[in-house]
Amino acid sequence: MKLSIIIPVYNVEKYVEKCLRSCAEQDISFDEYEIIIINDGAKDNSLEIIERVAKDYNNITILSQENAGLSSARNKGLSIAKGEYVWFVDSDDWIDKNCLQNILSEVDGNDVLVMGYIEAYDDISKNNIVDYKDKNINFGKCLLLSWFFFPAQLYVFKRSFLLNNSLSFYLGIFHEDSEFTPKMLYYADKIKILTKPIYYFYKRPNSITTSVNPKKSFDYIVVASSLSIFSQDVEIKYENKFNDIISLIINSSLHNSYNMN
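Numbering follows the numbering used here, in which position 14 of the sequence shown is assigned residue number 4; successive positions increment by one, without gaps.
Rather than coming from a laboratory, the hints here were simulated on the basis of the structure. Here a beta-carbon is modelled for each residue, glycine too, at the ideal position from N, C-alpha and C. A hint or two may mislead.
In the EDC-like style, the derived pairs of lysine to aspartate or glutamate whose C-alpha atoms are separated by at most 16 Å in a straight line are [what the hints assert, rightly or not]: (1) Lys193 to Glu109; (2) Lys186 to Glu109; (3) Lys(-8) to Glu109.
Computed spacing ranges between beta-carbons, pair by pair [stated by the list, open to error]: (4) Asp21 to Glu225: 18 to 26 Å; (5) Asp34 to Tyr228: 37 to 45 Å; (6) Leu53 to Asn154: 20 to 28 Å; (7) Ile240 to Lys45: 15 to 23 Å; (8) Phe139 to Ser54: 25 to 33 Å.
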């Protein structure tokens, strides 16, 4: 099996069907990829919707767990994935039509593929093209030094790359991607850049990513601490870059705290 798409689900009854059908109605056969849905203790009708949609496709697996957060759901999906590559998709977003064949062709032989994206609002959409002077990066550290960071959803990973480097998502925090992505880029030897926008971020009002609360400020400090520990074992030129990243994260914590006042 070539690809596992992992979709954590929590209280997204208005959006999840569009997400699932965008992933299921693609241009490769069902035996080439699987869709793993982790129901993270949803309290609305999300589970009923995904169970209904799953009846239309034979490559969807649904697992339910007590609510433990996005990181836990992603890690659970990764632990049971069978695909050579894995892609984490959020349940209120969606992916482009007929994109999987192109993705699998581009990611072949690489540790990571990074793609362009579209910010979708209720009334407008904004294209964001991911670009870099070299579309085949031999070292993720090049992107690390260039501040080339994106959320985990914009990467397709070779599963063995994640497992061999013990890469997973930090449990129980916001900003899990800020903790995950710098480490991932440090380890990646081969990264392919796909400039075409393929992933659609739905920017809904009052979502977790746009809200301000005390835990988000605290979790920035958790992320900074984790990266500080990690950076102690990297080469000096990259340690300096990690220090810059940590400073930025601490400033984000201060900014979030200020906005609560």
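* Outcome for the supplied range 20 to 28 Å, where the beta carbon pair is Leu53 and Asn154 -> Since Leu53 and Asn154 have Cβ atoms about 24 Å apart, the given range 20 to 28 Å holds.
* Asked: Does Lys186 pair with Glu109 here, judged by a C-alpha cut-off of 16 Å?
  -> Within the cut-off at roughly 13 Å; holds.
* Could one say that the CB atoms of Phe139 and Ser54 fall in the range 25 to 33 Å? -> holds (32 Å)
* Taking the CB of Asp34 and the CB of Tyr228, does the distance hold inside 37 to 45 Å? -> holds (43 Å)
* Asked: Does the structure keep Lys(-8) and Glu109 at a Cα separation of 16 Å or less?
  -> violated (28 Å)
* Are Ile240 and Lys45 spaced within 15 to 23 Å by their CB atoms? -> Because 48 Å falls outside the window, the suggested range is violated.
* Asked: Taking the CB of Asp21 and the CB of Glu225, does the distance hold inside 18 to 26 Å?
  -> violated (43 Å)
* Asked: Are the Cα positions of Lys193 and Glu109 separated by 16 Å at most?
  -> holds (7 Å)
Against the hints set out earlier in the document, violations occur for numbers 3, 4, 7.
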